[in-house]
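Chains as they are written, first to last, in the UniProt record's numbering: chain A, 1 to 203; chain B, 1 to 203; chain C, 1 to 203.
No lab work stands behind these hints, which were simulated from the structure alone. These figures come from a predicted structure and were not determined experimentally. There could be a bad hint or two in this list.
To be verified - Derived DEER-like restraints, expressed as beta-carbon distance ranges: (1) A:66 with C:160: 54 to 60 Å; (2) B:142 with C:145: 47 to 53 Å; (3) C:101 with A:74: 43 to 49 Å; (4) C:61 with B:201: 29 to 35 Å; (5) C:61 with A:32: 47 to 53 Å; (6) A:118 with B:134: 42 to 48 Å.
Every residue gets a Cβ at the ideal spot worked out from N, C-alpha and C, and that includes glycine.
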Amino acid sequence: MRLSPADIVFYDLFTASAQNLRDGVRVLSEALVPDADRAALVPTLKDIEHTGDEHTHDIVRRVNSGVRTPFHRDDIYRLAGALDDVLDDVEAALDLMVLYRIKDLPNGVASMVDVLDRAAELTAEAMPRLRTAGELTKYWIEINRLENEADQTYRRLLARIFSGEYDALTVHKLKDVIETLESAVDGFETVANIVEQIALKQS
Amino acid sequence: MRLSPADIVFYDLFTASAQNLRDGVRVLSEALVPDADRAALVPTLKDIEHTGDEHTHDIVRRVNSGVRTPFHRDDIYRLAGALDDVLDDVEAALDLMVLYRIKDLPNGVASMVDVLDRAAELTAEAMPRLRTAGELTKYWIEINRLENEADQTYRRLLARIFSGEYDALTVHKLKDVIETLESAVDGFETVANIVEQIALKQS
Amino acid sequence: MRLSPADIVFYDLFTASAQNLRDGVRVLSEALVPDADRAALVPTLKDIEHTGDEHTHDIVRRVNSGVRTPFHRDDIYRLAGALDDVLDDVEAALDLMVLYRIKDLPNGVASMVDVLDRAAELTAEAMPRLRTAGELTKYWIEINRLENEADQTYRRLLARIFSGEYDALTVHKLKDVIETLESAVDGFETVANIVEQIALKQS
Numbered sequence: 001m002r003l004s005p006a007d008i009v010f011y012d013l014f015t016a017s018a019q020n021l022r023d024g025v026r027v028l029s030e031a032l033v034p035d036a037d038r039a040a041l042v043p044t045l046k047d048i049e050h051t052g053d054e055h056t057h058d059i060v061r062r063v064n065s066g067v068r069t070p071f072h073r074d075d076i077y078r079l080a081g082a083l084d085d086v087l088d089d090v091e092a093a094l095d096l097m098v099l100y101r102i103k104d105l106p107n108g109v110a111s112m113v114d115v116l117d118r119a120a121e122l123t124a125e126a127m128p129r130l131r132t133a134g135e136l137t138k139y140w141i142e143i144n145r146l147e148n149e150a151d152q153t154y155r156r157l158l159a160r161i162f163s164g165e166y167d168a169l170t171v172h173k174l175k176d177v178i179e180t181l182e183s184a185v186d187g188f189e190t191v192a193n194i195v196e197q198i199a200l201k202q203s
Numbered sequence: 001m002r003l004s005p006a007d008i009v010f011y012d013l014f015t016a017s018a019q020n021l022r023d024g025v026r027v028l029s030e031a032l033v034p035d036a037d038r039a040a041l042v043p044t045l046k047d048i049e050h051t052g053d054e055h056t057h058d059i060v061r062r063v064n065s066g067v068r069t070p071f072h073r074d075d076i077y078r079l080a081g082a083l084d085d086v087l088d089d090v091e092a093a094l095d096l097m098v099l100y101r102i103k104d105l106p107n108g109v110a111s112m113v114d115v116l117d118r119a120a121e122l123t124a125e126a127m128p129r130l131r132t133a134g135e136l137t138k139y140w141i142e143i144n145r146l147e148n149e150a151d152q153t154y155r156r157l158l159a160r161i162f163s164g165e166y167d168a169l170t171v172h173k174l175k176d177v178i179e180t181l182e183s184a185v186d187g188f189e190t191v192a193n194i195v196e197q198i199a200l201k202q203s
Numbered sequence: 001m002r003l004s005p006a007d008i009v010f011y012d013l014f015t016a017s018a019q020n021l022r023d024g025v026r027v028l029s030e031a032l033v034p035d036a037d038r039a040a041l042v043p044t045l046k047d048i049e050h051t052g053d054e055h056t057h058d059i060v061r062r063v064n065s066g067v068r069t070p071f072h073r074d075d076i077y078r079l080a081g082a083l084d085d086v087l088d089d090v091e092a093a094l095d096l097m098v099l100y101r102i103k104d105l106p107n108g109v110a111s112m113v114d115v116l117d118r119a120a121e122l123t124a125e126a127m128p129r130l131r132t133a134g135e136l137t138k139y140w141i142e143i144n145r146l147e148n149e150a151d152q153t154y155r156r157l158l159a160r161i162f163s164g165e166y167d168a169l170t171v172h173k174l175k176d177v178i179e180t181l182e183s184a185v186d187g188f189e190t191v192a193n194i195v196e197q198i199a200l201k202q203s
């Protein structure tokens, strides 16, 4: 497979977008360190979100310009949109923690963010392999495994916050944060499914 | 680009569907006026929803009949379905307000419905431009801007209803209504994304 | 229409997947019988979910292997994924009932599971008709009708659990279960929409 320079730009943009998402998840991880100044991290993450929006617009503009694309236009939109959705959730999770003035988070939250961290790393590593038609099955399987793991943690977290330990409003707030994290994990699975389908069409 | 009469029917149906959705959002706006008789507006909105269902079925039947379509069949289904989803949310929001016997809504709710009103107007105006291949980028950018604006309002509304001002059940009820409105706003963004993709493929 | 043996395998796999989903819904129905030992049914349903995962992987592997497919690759992924999503919801609903130690469920829950039961039966019956290009419109219309019916039940159930009869934590738990069932019903509609689109493309 020979790639034109125009093709390479798309792969580079997706790689940049996935690396930017990984940076965003790292900020979220920092926010969970004990005594982290979460409010101070909000603008950092907003900046990363804006960078992500620029990558997305850049990708869409290039597709619009009518250049040849290395894979189907619809798949490019879907992949760009899916990466964008995950970053939106990551940003929303931190925003809600700060907005709701949540002090202590139940333990499972850290392990959900840990799953996000690993999923973000795997996704950033997988993106360049889309270009070289490298092995992507392991990435896809591992993301699916992580999603199942996070799903178990998520349900156990719900049972925990409904145990009677928290007051009614705290239950609402924690549930919102946890659901947003769960949505981010699901978003990484959506990204992986789109990547897999693109890879299959190329093979 | 020359359009056959068969093509024109599709554009007219989508325009009618978007205008019907705009009518539905207007009923929701009326329901937020102080001292509005919300229960009396429920059947009006149900009628509009049925009209919407008829537009959708009409579109699907025409695609099924095997006539030439002005754009890809899948995109026709997706656009019809996406317009339908927004109207479902609009109808659900009013239904929940009445069913839950909610009297006073926090201020932000009116500004979310205001966003819906502007998005519905923009969408109804954009639909005929799909036929003439008119400018759609501004529509798409403006819908995305409105969605971001509504997102901020939505999160601030959540923080407000979790502030301790409302009792536990009212929190649940308001949250449901607000989430349904947020879903309607997201739905307009989905419509805009599909319209943009159709426009790009035509260009 | 003449089908190759390779084509027939896909129809058989989708039929098996839909029958497995129907088995899963039956276990959920059993869990709602008075004095049912719900915890004992969890591993049964997990086994059915694993069987479903195997069907999905089998379908994906076959598509990957490059054999001719009886309908578009993307539609195969979407249909396999949509059937999988419904089973995930069914399994989650039972898991949450057990995890939250819910004893009594409001009446409407049984009628939502009844809708799931009828939808699962209709879906399992429809799948082989995809192969013979049999009548699918009635299936599609009936699933849409069931979804509307469940939607009404769902909203009335929400109003019921917000009526003041239940304590704050029970409200949260019941709402989670009910929303998961609603998501499963919606999932059957998604499956029906994909089936309809595949049937239309074949006709």
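Checked hints:
1. Taking the beta carbon of each, residue 66 of chain A and residue 160 of chain C are about 56 Å apart, inside 54 to 60 Å as hinted.
2. One distance hint, 47 to 53 Å for the beta-carbon pair residue 142 of chain B and residue 145 of chain C, is violated here, with the actual separation near 37 Å.
3. Checking the proposed 43 to 49 Å range against residue 101 of chain C and residue 74 of chain A shows it holds: the Cβ atoms sit about 46 Å from each other.
4. The hinted range of 29 to 35 Å is satisfied by residue 61 of chain C and residue 201 of chain B, whose Cβ atoms lie roughly 32 Å apart.
5. Remark: the range hint 47 to 53 Å for residue 61 of chain C to residue 32 of chain A is contradicted by a beta-carbon distance near 38 Å.
6. Evaluation of the 42 to 48 Å hint for residue 118 of chain A and residue 134 of chain B yields a pass: the beta carbon distance comes to about 46 Å.
Figure legend: structure checked against the earlier numbered hints; hints not met, in rising order: 2, 5.
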